[in-house]
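Visitor: Below are the chains, spelled out letter by letter.
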Amino acid sequence: AQSVTQLDSHVSVSEGTPVLLRCNYSSSYSPSLFWYVQHPNKGLQLLLKYTSAATLVKGINGFEAEFKKSETSFHLTKPSAHMSDAAEYFCVVSGAGNTPLVFGKGTRLSVIA
Amino acid sequence: GAVVSQHPSWVICKSGTSVKIECRSLDFQATTMFWYRQFPKQSLMLMATSNEGSKATYEQGVEKDKFLINHASLTLSTLTVTSAHPEDSSFYICSARDPVSGSSYEQYFGPGTRLTVT
Numbered sequence: 001a002q003s004v005t006q007l008d009s010h011v012s013v014s015e016g017t018p019v020l021l022r023c024n025y026s027s028s029y030s031p032s033l034f035w036y037v038q039h040p041n042k043g044l045q046l047l048l049k050y051t052s053a054a055t056l057v058k059g060i061n062g063f064e065a066e067f068k069k070s071e072t073s074f075h076l077t078k079p080s081a082h083m084s085d086a087a088e089y090f091c092v093v094s095g096a097g098n099t100p101l102v103f104g105k106g107t108r109l110s111v112i113a
Numbered sequence: 114g115a116v117v118s119q120h121p122s123w124v125i126c127k128s129g130t131s132v133k134i135e136c137r138s139l140d141f142q143a144t145t146m147f148w149y150r151q152f153p154k155q156s157l158m159l160m161a162t163s164n165e166g167s168k169a170t171y172e173q174g175v176e177k178d179k180f181l182i183n184h185a186s187l188t189l190s191t192l193t194v195t196s197a198h199p200e201d202s203s204f205y206i207c208s209a210r211d212p213v214s215g216s217s218y219e220q221y222f223g224p225g226t227r228l229t230v231t
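Line order of the protein sequences matches chains P and B. Following the working numbering, the numbering of the first sequence begins with 1 at its first residue and continues without gaps. Following the working numbering, the numbering of the second sequence begins with 114 at its first residue and continues without gaps.
Since the hints were derived computationally from the structure, they do not count as laboratory data. Incorrect hints may appear among the rest.
Stated by the list, open to error - Output of the computed footprint for chain B on chain P, the stretches with three or more beta carbons under 8 angstroms from beta carbons of chain B:
1. 31-44
2. 101-111
To be verified - Residues from chain P that keep clear of chain B, each with C-beta distances beyond 12 angstroms, as calculated:
3. S14
4. S26
5. T72
6. S73
7. T77
Positions of the beta carbon are idealized from the N, C-alpha and C atoms, including for glycine.
When you get a sec, could you build the whole thing from the sequences and use the hints?
Guide: Laid out in structure tokens, this is it:
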């Protein structure tokens, strides 16, 4: 069985400061991990994905995440927050085969001017 | 990249009526599609897995007779909310895997359908 825990339901940062959204996972086998972003009343957009290649994954809009197996973590970071980054972020784990994705509960990122 | 569309994007219906939501994979064939429901300020909840040419697999607690899923072709899955009630008002999102390029088990999401039942 797989699960994902997003450690913060809400993160607030000032514009231009670093962003850290935390995610821990649990999986019986080597997982694929994803971060998705959702703006209000919109669908999901893939930010980045880890699929057992490089442990440091770079995504769109300056985001990146590091897969740490020893810590079972996949935290999302960005060096400098922009107002347009304000949204809901979901950490997601996928198992083998055609199994459904498992979503974290989401972290709402607020960016203060 | 792979694109998934949903139609309609927004629908209002009266209590007791039925509403059909379409999910299409535009540039790939999807043997499996997924339907999610999202309440305000909450995460996505998987409702069912839709398999082309066979019956959908519903998650525990999801009423099969209320949420009818049909996956008649490799590019189309439909979700019909029957006898809708105000508590069915929600944001419904579908997704699909591209079996050709989806080796990373990535799913492509539709833009969602906002259902409001009055």
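Visitor: Taking the hints in turn, state whether each one holds.
Guide: Right, here's what the structure says about each hint:
1. Judged by the Cβ-Cβ criterion of 8 angstroms, the region 31-44 of chain P is covered by chain B as claimed, because 7 of its residues qualify and three suffice.
2. With 6 residues bearing a CB less than 8 angstroms from a CB of chain B, the region 101-111 of chain P meets the requirement of three and the coverage assertion stands.
3. Listed as outside the interface, S14 (chain P) is consistent with that label: its C-beta sits roughly 23 angstroms from the nearest C-beta of chain B, beyond the 12 angstroms cut-off.
4. With a least beta-carbon separation of about 16 angstroms from chain B, S26 (chain P) lies farther than 12 angstroms from that chain, consistent with its non-interface assignment.
5. Once the 12 angstroms rule is applied to beta carbons, T72 (chain P) is consistent with being away from chain B; the minimum gap is 18 angstroms.
6. The beta carbon of S73 (chain P) is kept farther than 12 angstroms from every beta carbon of chain B, the shortest such distance being approximately 19 angstroms.
7. Here T77 (chain P) stays apart from chain B, with its beta-carbon at least about 21 angstroms from theirs, past the 12 angstroms limit.
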